[in-house]
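The opening position of the sequence shown corresponds to residue 1 in the numbering used here, with each subsequent residue numbered one higher.
In case anyone wonders, no lab produced these hints; they're calculated from the structure. Just so it is clear, the structure is predicted and the values come from calculations on it, not from any experiment. Quick reminder that beta carbons are idealized off the backbone N, C-alpha and C, glycines included. Hints should not be assumed to be uniformly reliable.
Per label pair, the in silico range of CB-to-CB distance [as the list claims (entries may be wrong)]:
#  : residue 1 : residue 2 : range
1  : G30       : E65       : 26 to 34 Å
2  : I130      : I62       : 36 to 44 Å
3  : K67       : K125      : 32 to 40 Å
4  : K138      : L80       : 17 to 25 Å
5  : E97       : K125      : 27 to 35 Å
6  : T32       : Y139      : 15 to 23 Å
7  : F19       : H132      : 27 to 35 Å
8  : E43       : E17       : 21 to 29 Å
9  : K128      : E59       : 32 to 40 Å
10 : D71       : T18       : 19 to 27 Å
11 : K138      : T89       : 29 to 37 Å
12 : S7        : R136      : 25 to 33 Å
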Amino acid sequence: MKESYLSRALVQCDKDETFYRFPGGSIEFGETAEEAITRELIEEFELEVQVNHLILINESIIEYEGKQRHDCTLFHLCKLKVEEELIFTLWHKERDEIKLTWKTIGALHKRPVYPEGIVEIIESKDIKRINHIIIRKKY
Numbered sequence: 001m002k003e004s005y006l007s008r009a010l011v012q013c014d015k016d017e018t019f020y021r022f023p024g025g026s027i028e029f030g031e032t033a034e035e036a037i038t039r040e041l042i043e044e045f046e047l048e049v050q051v052n053h054l055i056l057i058n059e060s061i062i063e064y065e066g067k068q069r070h071d072c073t074l075f076h077l078c079k080l081k082v083e084e085e086l087i088f089t090l091w092h093k094e095r096d097e098i099k100l101t102w103k104t105i106g107a108l109h110k111r112p113v114y115p116e117g118i119v120e121i122i123e124s125k126d127i128k129r130i131n132h133i134i135i136r137k138k139y
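All chains, please: the whole structure from these sequences, using the hints.
Here it is as structure tokens:
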């Protein structure tokens, strides 16, 4: 894998870029993770990607206002089908406060990135294997 391939990431954020997270969404019944990623990015941003291998499983075990949740999120390495398709920023088709933007891996340290720990995995370039992050929080 080329060094330049990991020098920047396409992240989702709010208008003010108060945080970053990676784009995606929920898997619908009968879909694979690859199919869900492809569908979500087309639906929300009209963006076509090639979904590659799984790099991270994130487990979030959260208690918030007395309610408990245990979510599992799958992160895949993806590549734009057309490299020039996204040069700057893309805005969400239905929620005008959400955008996709390119950030260098170094720039991701300036704001919170979710899930916690994913930037360190990308920086370590340990993405040829499946990584696992467990986050336990009580709010």
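Here is how each hint holds up against the structure:
1. The hinted range of 26 to 34 Å is satisfied by G30 and E65, whose Cβ atoms lie roughly 32 Å apart.
2. The beta-carbon spacing between I130 and I62, approximately 22 Å, falls outside the hinted interval of 36 to 44 Å.
3. Distance hint check: the CB atoms of K67 and K125 are about 37 Å apart, consistent with the given range 32 to 40 Å.
4. A C-beta distance of roughly 38 Å is found between K138 and L80, which places it outside the suggested range of 17 to 25 Å.
5. For E97 paired with K125, a C-beta distance near 33 Å keeps the hint of 27 to 35 Å intact.
6. A hinted range of 15 to 23 Å is violated for the C-beta pair T32 and Y139, which are about 32 Å apart.
7. Against the hinted window of 27 to 35 Å, the Cβ-Cβ separation of F19 and H132 comes to about 22 Å, which falls outside the hint.
8. Remark: the range hint 21 to 29 Å for E43 to E17 is upheld by a beta-carbon distance near 23 Å.
9. The supplied range of 32 to 40 Å is broken by K128 and E59, whose beta-carbon atoms lie about 21 Å from each other.
10. Hint check: D71 to T18, Cβ distance near 21 Å, so the stated range 19 to 27 Å holds.
11. About 35 Å separates the C-beta atoms of K138 and T89, a value consistent with the hinted range of 29 to 37 Å.
12. Under the hint 25 to 33 Å, the C-beta atoms of S7 and R136, about 32 Å apart, fit the expected range.
In the structure shown, a violation is registered for the earlier hints numbered 2, 4, 6, 7, 9, in ascending order.
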